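Following the hints, put chain P in place on chain B, whose structure we already have.
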Amino acid sequence: DTGVSQDPRHKITKRGQNVTFRCDPISEHNRLYWYRQTLGQGPEFLTYFQNEVQLEKSRLLSDRFSAERPKGSFSTLEIQRTEQGDSAMYLCASRQPGPGANEQFFGPGTRLTVL
Amino acid sequence: ILNVEQSPQSLHVQEGDSTNFTCSFPSSNFYALHWYRWETAKSPEALFVMTLNGDEKKKGRISATLNTKEGYSYLYIKGSQPEDSATYLCASRSGGGADGLTFGKGTHLIIQP
Chain B
9 DTGVSQDPRH KITKRGQNVT FRCDPISEHN RLYWYRQTLG QGPEFLTYFQ NEVQLEKSRL
69 LSDRFSAERP KGSFSTLEIQ RTEQGDSAMY LCASRQPGPG ANEQFFGPGT RLTVL
Chain P
2 ILNVEQSPQS LHVQEGDSTN FTCSFPSSNF YALHWYRWET AKSPEALFVM TLNGDEKKKG
62 RISATLNTKE GYSYLYIKGS QPEDSATYLC ASRSGGGADG LTFGKGTHLI IQP
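Top to bottom, those sequences are chains B and P. Under the numbering used here, the first sequence is numbered contiguously, ending at residue 123. Under the numbering used here, the second sequence is numbered contiguously, ending at residue 114.
In isolation and in its complexed conformation, chain B is listed as follows (with noise of 0.2 angstroms):
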């Protein structure tokens, strides 16, 4: 399978417990996306990578959330002191280099639930 993966699918954790989230993009994207999709809503863009650097963060990302992508392939998205309110769906996509309104191909996620 060349898609876009996630790992784990799903994770339970307990409220001040961290997590981390694996991200594998396709192999020749060097574009990352992580959004977080909460009931009822769309998913919200959180931070994006090119290759190895961080280009850009939504204010939804607050401290206790952090990303890396350190050899610019897969990513991580870290959580902190769960709490609740972080309980969603975490969406990673990538997709192509070069400029143009490239499509983003999406994995399948990981549900979180914050017990």
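There could be a bad hint or two in this list.
List time: in silico SDA-like cross-link candidates among lysine to any residue, alpha-carbon distance up to 20 angstroms [what the hints assert, rightly or not]:
id, chain 1, residue 1, chain 2, residue 2
1, P, K43, B, P16
2, B, K19, B, I34
3, P, K106, B, I34
4, P, K106, B, E52
5, P, K43, B, A96
6, P, K79, P, L48
7, P, K43, B, D32
8, P, K58, B, G108
9, B, K65, P, G96
10, P, K70, P, K43
11, B, K79, B, K22
12, P, K43, B, I34
13, P, K106, B, T46
14, P, K106, B, D32
15, P, K58, P, E71
16, P, K106, B, N38
17, P, K43, B, T10
18, P, K106, P, D18
19, P, K43, B, R119
20, P, K58, B, E111
21, P, K43, B, T121
22, P, K106, B, L68
23, P, K43, B, S95
24, P, K60, B, R119
25, P, K79, P, F22
26, P, K59, B, E111
27, B, K65, P, S95
28, P, K79, P, K43
Quick look at which bits of chain B chain P covers, simulated, 3 or more residues with Cβ under 8 angstroms [unchecked claim]:
id, region
29, 60-74
30, 89-99
31, 112-119
Keep in mind that the hints were calculated from the coordinates and are not lab data. Model, not experiment: these values are computed from the prediction. For glycine and all other residues, C-beta sits at the position ideal for the given N, C-alpha and C.
Here is chain P on its own, set in the frame of chain B:
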């Protein structure tokens, strides 16, 4: 703030009927409009990307149009089939270097046999 609105929120359609739904977006600083289909437990699937006023795209029984001057896009499905049941999301991308997409809440489509 860039707001993307979709209507209706949900829609029940008889198999074989045609249907359409709407996405509206701010027309200022517009760069591109994306449509996705998202089935439960799967990845959102890219349907179309449109950039120019008057663009029309087609993929099988699904087509989309774009009006950037008034800030709306329509998605049409001809001869609905049960496999068309999904949530259809539209997303706008603005110019000025911002790369993240701003999504609407989606239209949840259910095709009834």
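Violations among the numbered hints = 2, 3, 10, 11, 14, 16, 18, 24, 28, 30
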